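J.: Residue numbers (our numbering), protein chains in the order written: chain H, 14 to 128; chain E, 11 to 122.
Calculated directly from the structure, the hints in this document are not laboratory data. The structure displayed is predicted, hence computed values, not measured ones.
For lysine-lysine, the following BS3-like pairs were computed, each having C-alpha atoms within a straight-line distance of at most 25 Å:
(1) H/K83 to E/K110
(2) H/K51 to E/K110
(3) E/K81 to E/K19
So the derived list for chain H, only partly shown, Cβ under 10 Å to chain E, looks like this:
(4) Y46
(5) L58
(6) N65
(7) A106
(8) G119
All C-beta atoms, glycine included, are put in the ideal place defined by N, C-alpha and C.
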Amino acid sequence: AQKVTQAQTEISVVEKEDVTLDCVYETRDTTYYLFWYKQPPSGELVFLIRRNSFDEQNEISGRYSWNFQKSTSSFNFTITASQVVDSAVYFCALMNNNAGNMLTFGGGTRLMVKP
Amino acid sequence: NAGVTQTPKFQVLKTGQSMTLQCAQDMNHNSMYWYRQDPGMGLRLIYYSASEGTTDKGEVPNGYNVSRLNKREFSLRLESAAPSQTSVYFCASRRGINEKLFFGSGTQLSVL
Chain H
14 AQKVTQAQTE
24 ISVVEKEDVT
34 LDCVYETRDT
44 TYYLFWYKQP
54 PSGELVFLIR
64 RNSFDEQNEI
74 SGRYSWNFQK
84 STSSFNFTIT
94 ASQVVDSAVY
104 FCALMNNNAG
114 NMLTFGGGTR
124 LMVKP
Chain E
11 NAGVTQTPKF
21 QVLKTGQSMT
31 LQCAQDMNHN
41 SMYWYRQDPG
51 MGLRLIYYSA
61 SEGTTDKGEV
71 PNGYNVSRLN
81 KREFSLRLES
91 AAPSQTSVYF
101 CASRRGINEK
111 LFFGSGTQLS
121 VL
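Pulled out of the complex, with its shape left as it was, chain H reads as follows:
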């Protein structure tokens, strides 16, 4: 069985603050993929990143960065200099090569960025 835990259900920051969203996963597989999706107030799900289990390099995309650490089974997401438009629910998800290759989601973290 696989599981994704996002312990922070809600985070509130003031604009321009940095914020890190935590994601911890469990899987018995050695090959797997990790994802982050953003769900803005409009409701759609927007893909942010995919990372495979063999690539532990951190990634930066503009104000977004991801820290993948297999040793702690974590795939954390940091937003630098947050903006009001970053307000959304963020989901971390795990996909392995077994069990129909299904995508398992964490419970989500609601981020509120106040002006």
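Got chain H sorted already, so can you dock chain E onto it with the hints?
T.: Chain E only, in chain H's frame:
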């Protein structure tokens, strides 16, 4: 540039009524999925179709049925709706194994 299209966007049902949620994708994707989203529980997989002609149960299949009508379309049916099925439903598709999912805009369903 439609992507994944779901209908309807909103629906209110009475307990015991039936309905079908429609989903179509125009990206020639092989796999299609139905998820439900409930507060604090993320998205949970109801059913999926790895390829045309196949369907399999996900994490929470009870009370639902699906049909992969063709490569483009994957419908979700509630035969006898219950209040516990009040949720937001998302259809998704992807081209192949380990690829990212593309999601529809969701259907907000309320069962009274």
